[in-house]
Amino acid sequence: MPTRRPTTTCGVLSAAACLLLMGCQMPTAEAETMPFDPETARERAVEALLVQHGTGHQERIRRGVEQLAQIWRESDGHTEAFVQFARDEFVPAGDLLNDTFERFEFVSESMDGYFNAMLRDLRRGVDLDIGPLLPLDRRLAAFNAAAHLSDDLFAGKIAQTALLNFPLTSLREKLAQGGTWTRRQWAEARLTDRFDARVPASVSQAMTAAAASADTYISSYNIYMHHLLTPDGRRLFPEGLRLISHWGLRDELKAQYADPDGLSRQRMIRTVMERIIRQEIPAAVINNPLVDWRPAENSVTSADDDTAVDPAREDDERYRQWLGMFHAAQLADIHQPDQPSLIARRFNVDREIPEEEVEALLEAVLASPLAGRVAKLVASRLGRPLEPFDIWYVGFKPRGKYAEADLDARTRARYPDAAAYAADIPRMLQELGFSRKQATFLAGHIVVEPSRGAGHAMGAARRDDKAHLRTRVGAGGMDYKGYNIAVHEMGHNVEQVFSMTLIDHTLLQGVPNTAFTEALAFVFQERDMELLGLDTSDAADLKPLEAFWATREIAGVALVDMRAWRWLYAHPDANPAAFRQAVVGIAAEVWNTYHADIFGVRDVPLLAIYSHMVDGAMYTPDYPLGHLIAFQIEEHFNAHRDRFGTEFERICRLGRLTPNAWIQQAVGSPLSAKPLLKATAAALSRQEKDQTD
Numbered sequence: 001m002p003t004r005r006p007t008t009t010c011g012v013l014s015a016a017a018c019l020l021l022m023g024c025q026m027p028t029a030e031a032e033t034m035p036f037d038p039e040t041a042r043e044r045a046v047e048a049l050l051v052q053h054g055t056g057h058q059e060r061i062r063r064g065v066e067q068l069a070q071i072w073r074e075s076d077g078h079t080e081a082f083v084q085f086a087r088d089e090f091v092p093a094g095d096l097l098n099d100t101f102e103r104f105e106f107v108s109e110s111m112d113g114y115f116n117a118m119l120r121d122l123r124r125g126v127d128l129d130i131g132p133l134l135p136l137d138r139r140l141a142a143f144n145a146a147a148h149l150s151d152d153l154f155a156g157k158i159a160q161t162a163l164l165n166f167p168l169t170s171l172r173e174k175l176a177q178g179g180t181w182t183r184r185q186w187a188e189a190r191l192t193d194r195f196d197a198r199v200p201a202s203v204s205q206a207m208t209a210a211a212a213s214a215d216t217y218i219s220s221y222n223i224y225m226h227h228l229l230t231p232d233g234r235r236l237f238p239e240g241l242r243l244i245s246h247w248g249l250r251d252e253l254k255a256q257y258a259d260p261d262g263l264s265r266q267r268m269i270r271t272v273m274e275r276i277i278r279q280e281i282p283a284a285v286i287n288n289p290l291v292d293w294r295p296a297e298n299s300v301t302s303a304d305d306d307t308a309v310d311p312a313r314e315d316d317e318r319y320r321q322w323l324g325m326f327h328a329a330q331l332a333d334i335h336q337p338d339q340p341s342l343i344a345r346r347f348n349v350d351r352e353i354p355e356e357e358v359e360a361l362l363e364a365v366l367a368s369p370l371a372g373r374v375a376k377l378v379a380s381r382l383g384r385p386l387e388p389f390d391i392w393y394v395g396f397k398p399r400g401k402y403a404e405a406d407l408d409a410r411t412r413a414r415y416p417d418a419a420a421y422a423a424d425i426p427r428m429l430q431e432l433g434f435s436r437k438q439a440t441f442l443a444g445h446i447v448v449e450p451s452r453g454a455g456h457a458m459g460a461a462r463r464d465d466k467a468h469l470r471t472r473v474g475a476g477g478m479d480y481k482g483y484n485i486a487v488h489e490m491g492h493n494v495e496q497v498f499s500m501t502l503i504d505h506t507l508l509q510g511v512p513n514t515a516f517t518e519a520l521a522f523v524f525q526e527r528d529m530e531l532l533g534l535d536t537s538d539a540a541d542l543k544p545l546e547a548f549w550a551t552r553e554i555a556g557v558a559l560v561d562m563r564a565w566r567w568l569y570a571h572p573d574a575n576p577a578a579f580r581q582a583v584v585g586i587a588a589e590v591w592n593t594y595h596a597d598i599f600g601v602r603d604v605p606l607l608a609i610y611s612h613m614v615d616g617a618m619y620t621p622d623y624p625l626g627h628l629i630a631f632q633i634e635e636h637f638n639a640h641r642d643r644f645g646t647e648f649e650r651i652c653r654l655g656r657l658t659p660n661a662w663i664q665q666a667v668g669s670p671l672s673a674k675p676l677l678k679a680t681a682a683a684l685s686r687q688e689k690d691q692t693d
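Counting from 1, position 504 in the sequence shown corresponds to residue 504 in my numbering; the numbering is continuous, with no gaps.
Hints listed in this document are in silico derivations from the structure and should not be mistaken for laboratory results. Glycine is no exception: its CB is placed at the ideal position from the N, C-alpha and C atoms. Mixed in with the good hints, there may be bad ones.
What the hints assert, rightly or not - What follows is a list of derived Cβ distance ranges for each label pair:
hint, residue 1, residue 2, range
1, Glu355, Asp99, 20 to 26 Å
2, Pro238, Arg184, 53 to 59 Å
3, Ile130, Pro38, 51 to 57 Å
4, Gln58, Thr180, 18 to 24 Å
5, Arg184, Arg139, 17 to 23 Å
Claimed, not checked - Capping the alpha-carbon separation at 27 Å, the derived lysine-lysine pairs in DSS-like fashion look like this:
hint, residue 1, residue 2
6, Lys674, Lys174
7, Lys376, Lys543
8, Lys689, Lys678
9, Lys689, Lys543
10, Lys437, Lys466
11, Lys674, Lys543
12, Lys401, Lys174
13, Lys674, Lys376
14, Lys401, Lys376
15, Lys689, Lys674
16, Lys437, Lys543
17, Lys376, Lys689
18, Lys401, Lys543
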């Protein structure tokens with residue numbers, strides 16, 4: 001691979017000139033007309049390389065040639081071109097191979113880092129609250145500047161060079177052998193992982209466009225709560241309260257547990273959620289403060305003069321956007337025969353945990369007989385029978401005893417804008433247990449910005465770039481919901497800085513999968529009350545119960561998401577209406593299996609409300625996995641209280657190993673639901689004993 005780039009950009013020169021300047025061979029007329037015979041090419045290339053380099057390199061030669069043949073296409077050249085490429089580009093073990101690896105690692109960080117920063121800039125208008133959302137912003141967000149990168153790396157035979165010289169390992173090999181690998185071997189595995197399939201740029205661009213459309217739809221899906229009316233015309237929510245679905249609605253429902261009069265508001269929010277899921281919500285009320293809506297009756301009137309407004313429903317737009325994500329994923333299926341569905345890629349490639357193992361973990365929590373006992377305790381604490389929205393009960397958490405208005409007042413006074421939160425990061429990190437040096441370093445690598453949506457974290461992909469924290473900041477300052485999300489995203493950012501900026505091999509940047517970064521973010525989020533200086537002394541004994549109840553809720557959501565995607569692959573020609581009916585049915589089925597007996601009501605669709613189902617392409621299973629991982633990590637941190645910051649940094653710098661290899665090195669035990677269930681049983685017994693004493 002060349003170590004010097006042309007000074008003139010490829011965007012100015014022709015594609016042919018660029019490839020020549022980069023030292024890459026152009027296809028010839030001969031290459032286009034002569035056939036490529038894979039079997040002959042393999043045999044001749046292996047024979048030539050054994051003669052050239054000797055039998056001492058036999059294992060690497062055979063594996064490299066096989067990997068090259070699997071990815072080679074007719075357009076790359078004929079049989080002789082294949083053999084010649086192998087002879088020219090194979091690098092024997094030693095200093096030259098080390099230099100080749102270092103070149104790959106350097107340029108991978110550079111390319112990924114700058115494209116990541118470009119993506120962040122392209123999405124600035126849709127992600128940040130910087131003024132009106134412009135039509136141009138949607139187009140910029142849908143544009144993928146890196147869409148052609150994979151094509152170009154194969155066209156320039158850079159990808160082929162990597163596959164010829166470094167092992168491409170299957171998930172089975174990683175799971176069986178990864179525990180004995182060196183850091184360099186892991187880095188080599190991550191280098192070739194990116195070249196295991198040739199997905200055309202047009203497909204990458206289509207997937208980006210579908211995701212941008214769904215994300216924009218979700219980011220703009222707000223409900224003006226003051227304009228919700230009871231059947232007798234009462235307004236239950238304060239003026240100006242605008243909540244995004246689903247996060248804002250769910251968090252407001254949680255906040256009402258601290259209000260003695262909150263039950264009627266919770267019931268109204270449940271109705272709103274179910275109207276959204278069933279797509280019965282009138283289109284006129286979405287993100288619109290000019291109309292009043294009676295959710296129970298589903299009638300709409302003008303907020304000014306009480307005249308009737310068109311009550312036409314949203315017409316399945318939620319499911320149309322979700323289908324758009326599915327159809328974009330289908331475009332990639334035919335190019336990845338080893339992982340021929342998004343479902344396979346999500347579990348085998350992204351998570352590196354087989355689908356059946358994830359489902360078993362979820363069902364271990366959902367089917368646990370502890371659920372009925374915990375539900376009975378929840379009902380006792382509430383002083384009433386459970387209702388379906390009590391899947392979001394937060395009374396086991398310290399925040400459950402504080403009124404949302406009081407928490408809002410506290411956070412708004414402390415954080416009038418994003419800059420105030422950024423300035424407070426060093427103090428918060430030190431209170432969490434990081435050293436002054438760590439806190440200063442981390443704060444210097446995190447940028448805080450006001451979010452248009454609910455909030456998110458966007459890490460850097462270059463050592464010299466910064467991680468970005470986004471959360472909602474209202475005109476009056478950051479309310480508690482925004483603060484709670486900010487603390488969660490700060491956990492992501494700290495992981496991102498440690499696992500990128502301080503990693504030994506940038507090819508290992510990150511953590512095994514999204515569930516692990518969610519787990520580390522949960523560790524931060526659980527401490528948000530402490531960082532506000534509020535009393536959490538009674539939290540420790542209830543924490544397993546809170547973790548169990550929350551994990552159980554989101555595990556059901558994940559099952560709905562997984563089964564919805566299975567339904568899509570079984571019914572690829574479904575229209576939005578049919579898909580809506582299927583999702584509502586799947587959500588009711590999961591509810592009836594795991595919740596109906598506990599709550600005493602059947603066919604509830606609430607588990608389908610999560611917005612990440614629409615724009616996340618089966619993202620939600622990472623949440624329950626994250627809860628399980630977070631619980632194991634928390635137990636480890638509790639055993640090392642005096643070294644929290646040091647241990648947090650250590651486990652983040654393990655990088656992107658497979659999940660079990662990472663958690664074994666992090667806490668010394670495999671990924672399992674057993675620690676959570678064991679702790680829940682013990683905490684439950686203590687609570688039951690206290691009630692009978």
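Tested hints:
1. For Glu355 and Asp99, the hinted distance range of 20 to 26 Å is not satisfied, since their beta carbons lie about 40 Å from each other.
2. A beta carbon spacing of about 58 Å between Pro238 and Arg184 agrees with the range 53 to 59 Å that was offered as a hint.
3. Take Ile130 and Pro38: their Cβ atoms lie about 53 Å apart, and the range 51 to 57 Å holds.
4. A C-beta distance of roughly 22 Å is found between Gln58 and Thr180, which places it inside the suggested range of 18 to 24 Å.
5. Range check, Arg184 to Arg139: about 43 Å between beta-carbon atoms, so the 17 to 23 Å window is missed.
6. Simply put, Lys674 and Lys174 have alpha-carbon atoms about 24 Å apart, close enough for the 27 Å limit, and the pair holds.
7. Between Lys376 and Lys543, the direct Cα distance comes to roughly 17 Å. Compliance with the 27 Å bound is thereby established for this hinted pair.
8. For a cut-off of 27 Å, the pair hint linking Lys689 to Lys678 stands: about 17 Å separates their Cα positions.
9. A hinted pair counts as satisfied when its Cα atoms are at most 27 Å apart, and Lys689 with Lys543 qualifies at roughly 17 Å.
10. As the CA atoms of Lys437 and Lys466 are separated by approximately 17 Å, the hinted pair is consistent with the 27 Å bound.
11. For the hint pairing Lys674 with Lys543, the CA-to-CA distance comes to about 16 Å; that is within 27 Å, so the pair holds.
12. Distance restraint check for Lys401 and Lys174: the Cα-Cα separation of roughly 46 Å exceeds the 27 Å cut-off, and the hinted pair is therefore not satisfied.
13. As the CA atoms of Lys674 and Lys376 are separated by approximately 22 Å, the hinted pair is consistent with the 27 Å bound.
14. Restraint check for Lys401 and Lys376: the C-alpha separation of about 20 Å stays at or below 27 Å, so the hint holds.
15. With a C-alpha separation of about 23 Å, the suggested pairing of Lys689 with Lys674 holds against the 27 Å cut-off.
16. Annotation: proposed proximity of Lys437 to Lys543 is violated, straight-line Cα distance about 31 Å (limit 27 Å).
17. Only pairs whose Cα atoms come within 27 Å are accepted, and Lys376 paired with Lys689 is accepted, the gap being roughly 14 Å.
18. Distance check on the hinted pair: Lys401 and Lys543 sit about 15 Å apart at the alpha-carbon level, within 27 Å; holds.
Of the numbered hints listed earlier, those contradicted by the structure are 1, 5, 12, 16.
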